[in-house]
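Following the hints, put chain U in place on chain A, whose structure we already have.
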Amino acid sequence: MTQNESYSRPIPLLAIVLVSFDANFHIFLASHYAHHWFNPWNEKWFAGFSQTTYPPLTHQWIALVSNVAGLKMGYMLVQLVGVLLLPVGVFRFARIWVDDRASSYAALGSIFLGALAFLIYQAGQLATITSAALYLNALPYFYDWSAQGSGRALVKGVAVSWAAAAAHHVTLIFGTVLFAGPVLWVICKDALDGRTKGSVAASVSRAVLFAVLVGVGVGVVLFPYWMTLIQHPIHQIPIPHDSRANFLLNSITAINYFVIPYGALILALPFIVIRGASVRRLRPLLFGFWLTLIFGLGGTTPLPRWLLGRAFEVLTFERFTFWATLMAMPIVGLLAVELLDRFRAKAAVALSLAAVATVGAALAWLTANPYRPAATVNVNPVIAFLNRDGHDAYRYLTLGFGSELAQVSTYTNASSVDGDYNSARLLPEMTHYGSAQLTNAKFYGSAGMASLRAMLEHANRYGLKYVFVHDSYYEPLLTFVGWRKTETFGNGEITAWSKDDVPPAHRIDSDAIPTAWMGLLWGTLPIGVSVLAIFLVILLPARQPARKAIESQREISEPARDYVA
Amino acid sequence: MKRTLPIVILIVAVSVVLMFLGLSTGRSAGTVGIASGVALPGFSTSAPNPEQALNNFLLDVQRRNWDRAFSSVERTSDTLNEQAFIQEWVGSNGGLRSFSSLERFDTRPLHATNSEAQMRARLHWSTPVGPVEDVRDFHLAHRGDTWKVIWDETPKPNVPAQIVPVNYLRWDLVTGTAGEDWGAHNVDAPNVRIVSMNAVDSAEGAVVMGEVVNEDTIPAFVNVNATLVDGSGSAIDDESSFDKILHVLLPKQVTPYRIDFPHVSLSKVKNVRMDVKATLVPASSDPVIGVMNQKLETDAQGHSVLHGELLNESGQTVNIPHVIASFYDNSGKVVWVSDGYVEQALVPQSTESFAVEIPQSVAGKVQNFHVVVNQYSLQKS
Chain A
1 MTQNESYSRP IPLLAIVLVS FDANFHIFLA SHYAHHWFNP WNEKWFAGFS
51 QTTYPPLTHQ WIALVSNVAG LKMGYMLVQL VGVLLLPVGV FRFARIWVDD
101 RASSYAALGS IFLGALAFLI YQAGQLATIT SAALYLNALP YFYDWSAQGS
151 GRALVKGVAV SWAAAAAHHV TLIFGTVLFA GPVLWVICKD ALDGRTKGSV
201 AASVSRAVLF AVLVGVGVGV VLFPYWMTLI QHPIHQIPIP HDSRANFLLN
251 SITAINYFVI PYGALILALP FIVIRGASVR RLRPLLFGFW LTLIFGLGGT
301 TPLPRWLLGR AFEVLTFERF TFWATLMAMP IVGLLAVELL DRFRAKAAVA
351 LSLAAVATVG AALAWLTANP YRPAATVNVN PVIAFLNRDG HDAYRYLTLG
401 FGSELAQVST YTNASSVDGD YNSARLLPEM THYGSAQLTN AKFYGSAGMA
451 SLRAMLEHAN RYGLKYVFVH DSYYEPLLTF VGWRKTETFG NGEITAWSKD
501 DVPPAHRIDS DAIPTAWMGL LWGTLPIGVS VLAIFLVILL PARQPARKAI
551 ESQREISEPA RDYVA
Chain U
1001 MKRTLPIVIL IVAVSVVLMF LGLSTGRSAG TVGIASGVAL PGFSTSAPNP
1051 EQALNNFLLD VQRRNWDRAF SSVERTSDTL NEQAFIQEWV GSNGGLRSFS
1101 SLERFDTRPL HATNSEAQMR ARLHWSTPVG PVEDVRDFHL AHRGDTWKVI
1151 WDETPKPNVP AQIVPVNYLR WDLVTGTAGE DWGAHNVDAP NVRIVSMNAV
1201 DSAEGAVVMG EVVNEDTIPA FVNVNATLVD GSGSAIDDES SFDKILHVLL
1251 PKQVTPYRID FPHVSLSKVK NVRMDVKATL VPASSDPVIG VMNQKLETDA
1301 QGHSVLHGEL LNESGQTVNI PHVIASFYDN SGKVVWVSDG YVEQALVPQS
1351 TESFAVEIPQ SVAGKVQNFH VVVNQYSLQK S
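Residue numbers (this note's numbering), protein chains in the order written: chain A, 1 to 565; chain U, 1001 to 1381.
FYI, nobody ran anything at the bench for these hints, they're computed from the structure.
Every clue listed holds true.
As a list, the in silico SDA-like pairs of lysine to any residue whose alpha-carbon atoms are at most 20 Å apart:
{"hint": "1", "chain 1": "U", "residue 1": "1002", "chain 2": "A", "residue 2": "271"}
{"hint": "2", "chain 1": "A", "residue 1": "485", "chain 2": "U", "residue 2": "1284"}
{"hint": "3", "chain 1": "U", "residue 1": "1277", "chain 2": "U", "residue 2": "1188"}
{"hint": "4", "chain 1": "A", "residue 1": "485", "chain 2": "U", "residue 2": "1285"}
{"hint": "5", "chain 1": "A", "residue 1": "485", "chain 2": "U", "residue 2": "1171"}
Over 12 Å on every C-beta distance to chain A, these chain U residues come out as not near it, computed from the model:
{"hint": "6", "residue": "1066"}
{"hint": "7", "residue": "1152"}
{"hint": "8", "residue": "1164"}
{"hint": "9", "residue": "1289"}
{"hint": "10", "residue": "1296"}
Here the structure is a predicted model, which is why all the values come from computation and not from measurement.
C-beta atoms are modelled at their ideal positions from N, C-alpha and C, and glycine is treated no differently.
Just chain A, same shape as in the assembly:
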């Protein structure tokens, strides 16, 4: 990777994804794999942290692609693959519940989901999207194997599930309940109706075997992750997140986490509930959708807090809204079919407008909402400063850089005491306070500033000599605690502050450093299962699609006549 890459300008249309909150974070993790594929210990953040704390699949793919196209293009291409897999997954998932025509509309509609646009362009949740897409693709195999006993489906379903977990474990854990639960329910219903191979017990047994194989595989593929989690459970003070707020009490939060992600789907909610309740086969899906929707409402209802316990304070809930919209799509597909059959061209125009308006609103919200990612800062002078004259012998801190912190970290040789991944933090100056990144300390109020003060107090301990400020809010504190402004970059946009008596940084000992064999596992198994899944899907085409359950749904919608997507 060359320094020059940071100056390159990718295709503007795709490049919008690069200003999302987490884009630089994913690129940063990928950059480490690009340089140290088998060593997950990354010293550039938190004075050292293990990347085994985050499933690596998407980052490793970016790292691979970066050798040809660079990190930023690698990120965009992997994101693109995830997005392309999503409608395929929605189509296949929808076919469990509805016919091909409704499924095709569901798949088409999934591209225009506000929640998807929100995650791509605002949140930058690459792993969540990719994992959800893979998981949706695995579920039809789960159905085919459990209902029909198809060995090919078992092999492919298990491999794709492993790949989904290697992309994002949280999706698989919650997906088991929220997505696979309704599918298992419908398998049992089909078995009772005699539409499966063998009895209910046989179907359930096959489902259990599938779950066991997936569970064991995920345990092995992500073994270093589980070991790290057991060794260092997340005991840090909960960090506030607006997705856990009560949306009824805060209009901005309600718009950000409900209106924008659902968009025109809000108008379809009555249809989803009524149709989901009136058709027996759709009831499991309706229940799964409703539960996911309630979770996506964060602290609006107490249910997530009751069910999740302390995990409620660790998770963020925008992903549940994304999953809820995905689960709604099969029923929305039915709605599209009925509207098109009844109103023809008028319905086509209305549905198109609704879809475009949903995506358009999500994109417009990027510039209108108060939580928008900060305007891009030109961090190249900071990178150049840290990479010259031995400045990288010391650690540094950025203040007011937002997600640009990860960009600085990607291209500099120096190490920071800060970082943009909460679960990897071990330094007490950060874990003892209810705040996230030091660079955003002021947004966490007193807790954030207390954490920053604690870190600045121990500057000598960590070799923290340089502080780069992009927000004058922090200047009084730095002045009073003994830092002095030494340089100015970008016409005063960024200032560099230095402390005189700080010794050079030394390696901080940690029991979280992964062993060599864990690094080997981490560098081979996650990427290996994804390659395996690709080969199995290509080499083992389905002998017959899972039609039995679907063909029985003729009463749900009439056969396609016009406007087949």
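Coordinates of chain U only, in the frame set by chain A:
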């Protein structure tokens, strides 16, 4: 089909009940420092009693919904306009309040009748230099079916323009190369000496304090570090004076310092290793801030507090004054060092009051005190 209606009703009913329960336990949250909207229509709470009225008012202030907040107060004079109202809350002249966000508040009634109420609010502000607590009393009156906050704060008068001559000393630093790092100049470090040191146990842990003097004829940038050593010679902890010191010392100037060691008991400490680092820096004695009318008092809650006033004698605004006070016993030993930030900016030729607290355990020993003032000025930053 016969199950459709019951299922629909069940889903809707459970959702509504859960949302209702969520209203009693949920948080409106909102990221600190970002205006974070209002409750959705139908979900905002009315003000049937003074407590709720004050809570609603402070919530609007917290979210910076100024129009709503201003519309919920009753003005005692038409000269109290919305601009003055906002300035009262967000500060002016780049003072500490201008950087602050109201993080949370607690309210309690002091006195209430059917038509009037006196409420006390403890306001917790988040500021760049740490949390600041402010106690403020509010007068509320019953108007129609609601309670209103009576707003009678008079805005500060504008100071007329004036010329202030400046003739204070200033030391500049001329370096050979522009690219040199700060602090790496090829000149001898200023001669700075720790003149006293005292280690005590406090409620939060061990505290090391004392005074440092710049004995040189040039200004110095000073940091004091201390390492606690146990009986076996091993270091227990090392900390620095952080913001409890005047970092820039003019020639012959003395500053108190305090170094806190949270959760460390002095009984385990055998030795304290002190280390003072000094670097030559450019400095100016301007702005000069006078400390006046200092007196030790006991406040309503029984705490010993040093009160006084700061006078800005120069021609530039001091945005954030920082007061550091050292307290001595009858033998002249430093028994405590306290500090406090002043929330309002110190405009030229004006005064602002300050207060720093002394722990009860040392209040009885204090015979004398000395105050120095550190400052942050936007013009100089």
